[in-house]
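K.L.:
Below, each chain spelled out in residue letters.
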Amino acid sequence: MVTAMALRPTSVDDLVEAVITAQRSGYALAIGGGLSKTGVGRETPDAVPLDMTGFAGIIDYDPAELVLTVGAGTPLSQIETLVQAEGQALAFDPFDHGPIYGQPAGRATIGGVVAAGVAGSRRLSAGSARDHLLGFRAVSGRGEALLAGARVVKNVTGYDLPKLAAGSWGRLFAMTELTLKVLPQPPIRATRAVAGLGAEQAVAMMAAAMGSPAEVVAAAHVPADLHGGVALTAVQVRGFGPAVRAKGALLDGLLSAYGSVAALDEHEADLFWGSLRTLAPLDRGRPLWRVNVPPSKGSMVVSNLRPHGAQWLFDWAGGLVWLTFEGDPALVRAAAAQAGGHASLVRGPMSLRAEVPAFHPAPAGVAALETRIRRAFDPMGIFETGRFGDRA
Amino acid sequence: MSLIMPEPDAGVLARRGEIVRALRAIVPGEGVIEDTDALRPYESDGLTAYRQPPMVVVLPDTTEQVSAILAWCHAQGVKVVPRGSGTSLSGGALPLADAVLVGMAKFNRVLDIDYDDRLAVVQPGVTNLAVTHAVEDRGFYYAPDPSSQIACSIGGNVAENSGGVHCLKYGLTTNNVLGVELVLMDGEVIRLGGRQLDPAGLDMLGAVVGSEGLLGIVTEVTVRILPKPEGARALLIGFPSVEGAGKCVADVIAAGIIPAGMEMMDRLAIHAAEAFVEVGYPLDVEALLIVELDGVVAECDHLIERVADIARANGSTTLRLSNDEAERVAFWAGRKAAFPAVGRVSPDYYCMDGTIPRRRLPEVLERMRELSDQYGLGVANVFHAGDGNLHPLILYDANKPGELDRAEAFGNDILRLCVAVGGVLTGEHGVGVEKRDLMPVMFSETDLKQQQRLKCAFDPKLLLNPGKVFPTLHRCAELGRMHVHHGAVPFPELPRF
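Chains as they are written, first to last, in the working numbering: chain A, 7 to 398; chain B, 2 to 498.
Hints are computed from structural coordinates only; laboratory data are not their basis.
Careful, some of the hints might be misleading.
[What the hints assert, rightly or not] Pulled a few chain B residues facing chain A out of the computed Cβ check, cut under 7 Å:
id	residue
1	202
2	372
3	446
[Claimed, not checked] To list a few chain B residues with every Cβ distance to chain A over 12 Å, as calculated:
id	residue
4	161
5	320
6	347
7	369
8	414
For every residue, glycine included, the Cβ atom is placed at its ideal position computed from N, Cα and C.
Just need the whole structure built from these sequences, with the hints factored in.
P.N.:
What follows is the structure, given as structure tokens:
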């Protein structure tokens, strides 16, 4: 047992040495940054924590080139402050897991956000970390320092390893440096909402908005029981003033088919979209699932699980169903699969997480390919801690 | 031709008759081509400087046939080269003398269109433009728009991660593909991604897009479709210097504007294009910018005035704003015809595809002028200015002894220059055979070996499209070797940092 040990390398050489030592000693390394996501997956008492916060700091930022290079252990909050000062934002909408476990926001590191491959409400229009990770440096499970991708916004040289890095959950390599795309932050945003819709109507309304030329950036629905007795379905647009006014007018006409259209004021809008980040409307004491389906199938998922006591809300126009559920986990996985998607267990008691894998099990052929890819980067399983059932 | 391809396997060549019979058993009738004359159309792709007739061509039309072909070739140790429409500019579909060329042209059906989920499921042989044609009556389109979109296939777009003039705002192929059905080299059929946004585990779909036909053969693609913007307007802006145009591009982005497209042409490209299409490009400027804004009409009208102000502030000497669709299309006509236009002023041209940080543009163009003098070959530049993707067109005459070699050497120097200033070898055309031997300029041996280990996870016998992308073929067993022995040091002193 090596549980008392924790490693905090501050240079690539140190990190290489840590991996090689782990290879020789036969223990696994559990990569961590801000530790905002330790509630995902199994406990890993036998793995040695590898603290990546020593790789922090801004390495290069040229706003005109739309490119930002940072240490993987840099806090997300520091990055957001930096780019906001230039009127920019990360090109994807980063999702901070902290608040869904009752922790304060801002602890997450950029490396963790990218490794989790998650994004918030604007994922629907802006893409996710996988779409905007341009390059990285890392140390593989072989103990080799790697470079992949580049520091320019358009590049197809070699395999697109950044896609594998985003969403790898630390199972391929330990990232030390990330290059991300940034974009100008549109100055004005507006939210249009319709009250009182059921799940199916809400999905239909959001599909209509997404299919319109209004360039909707986010679409979400919180049902009545989680929203003071009146369901709210809202869509957001962004841009310069004249554009936002025109898009708002377009939506006022289009959405009136679904009910009375309200323009939320800034405070109401911040509350609504903020609740999609913190998931505060959902009972924090219950297991939390993240169900990813084609948007039109979101209502099918909830109609299957509501009779079993599921609480839920929609983001991504219905394509992301957040739900809390105390019943049989197999029902959630079955409902997700029936809808053509998958379900991840994001929060739950240790006993549940020990039994139920965090990620939706893949078909055998896909799972085998995924294992071969993990072996390609990490032949000895140095980064396989058992957290995702990979050592069970 | 300086390109060296893997030595053909004499044993495989000797078995050609048997291989043809085996393929005919899988794909009956006209689907197997072995006649010398009939093979000729397949001897090159869009990079015509390199030619090699394939051993045999097979044109399957079902996933089961693709699977059976690959499984047979895998069992028999026969190499396979996949091909879409053959428009690759990097030689990705260049045949091998001892390989079966699998042409995917018969996979030409649109299988499903779902407007609620805003996606289309298509077979890989469907052309890029046909996707838009299939959905435009409902006001939708497919965003990636490579110049070859009338001919190039979606399967080829997936292989090359194709871009286009609108990818500054709408992304490359990889940002617009939701899922694929993929046949691995051993014949196994798998699905990656789907109709939802996020993958269930590792983003293997992301690794397959842009893998240049080395990881598997795609037999079905699910793409995102977008509602067509309400309007689009363009500006045609001339500058007396490249620096002014470059500054204008930077200032547009600094103002928070991401145009749908932002293209630059240099003097030689402007003159060639105007001589070809006569749309009124100014001939007394050093650089021409085309900036397109799209979105709701009010947005286009607002932003076009702001871009015009930025252009004036940067010393533009020509400034035209499109007032109707015909005018907007005319602004683009010269740019879209730039390659054939250059083809009219030179017997041959060689199209390069590096990306650089935009701020380095003036010095890169200056150095290119010096190289042009040094090699005695002209160069015209068209440039996806918004994202720093350069397309220098090197002018040469293949009938003059040594000119092709000089053009290649010039092109290689340009790409080395791109990497030296912080850029990359290819922004959208792919590595293929063309830039294969330059990969070490950008990646270390360690990096390249790691990329090849990914290949080994998909195709451990290295039978799929070998000789492309990687300058050195390492056997997978060699790549898998680890020089640290598990447990060799039983109780090491634990390091603390």
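K.L.:
Each hint should be assessed against the structure and marked as holding or not.
P.N.:
Hint by hint, here is what the structure shows:
Nearest Cβ of chain A to the Cβ of residue 202 of chain B: about 5 Å, under the 7 Å cut. The hint holds. For residue 372 of chain B, the interface hint is violated, the least distance from its beta-carbon to any beta-carbon of chain A being 21 Å, above 7 Å. For residue 446 of chain B, the interface hint is violated, since its Cβ never comes within 7 Å of a Cβ in chain A; the closest pair sits about 10 Å apart. The Cβ of residue 161 of chain B sits about 7 Å from the closest Cβ of chain A, inside the 12 Å cut-off, so the non-interface label is violated.
Listed as a non-interface residue, residue 320 of chain B keeps its Cβ farther than 12 Å from every Cβ of chain A; the least gap is roughly 21 Å. Under the 12 Å C-beta cut-off, the non-interface status given to residue 347 of chain B relative to chain A holds; the minimum distance is some 26 Å. No Cβ of chain A approaches the Cβ of residue 369 of chain B within 12 Å, the least distance being about 18 Å, so the stated non-interface status holds. No beta-carbon of chain A comes within 12 Å of the beta-carbon of residue 414 of chain B; the shortest separation is about 17 Å.
Of the numbered hints stated above, those contradicted by the structure are hints 2, 3, 4, listed in ascending order.
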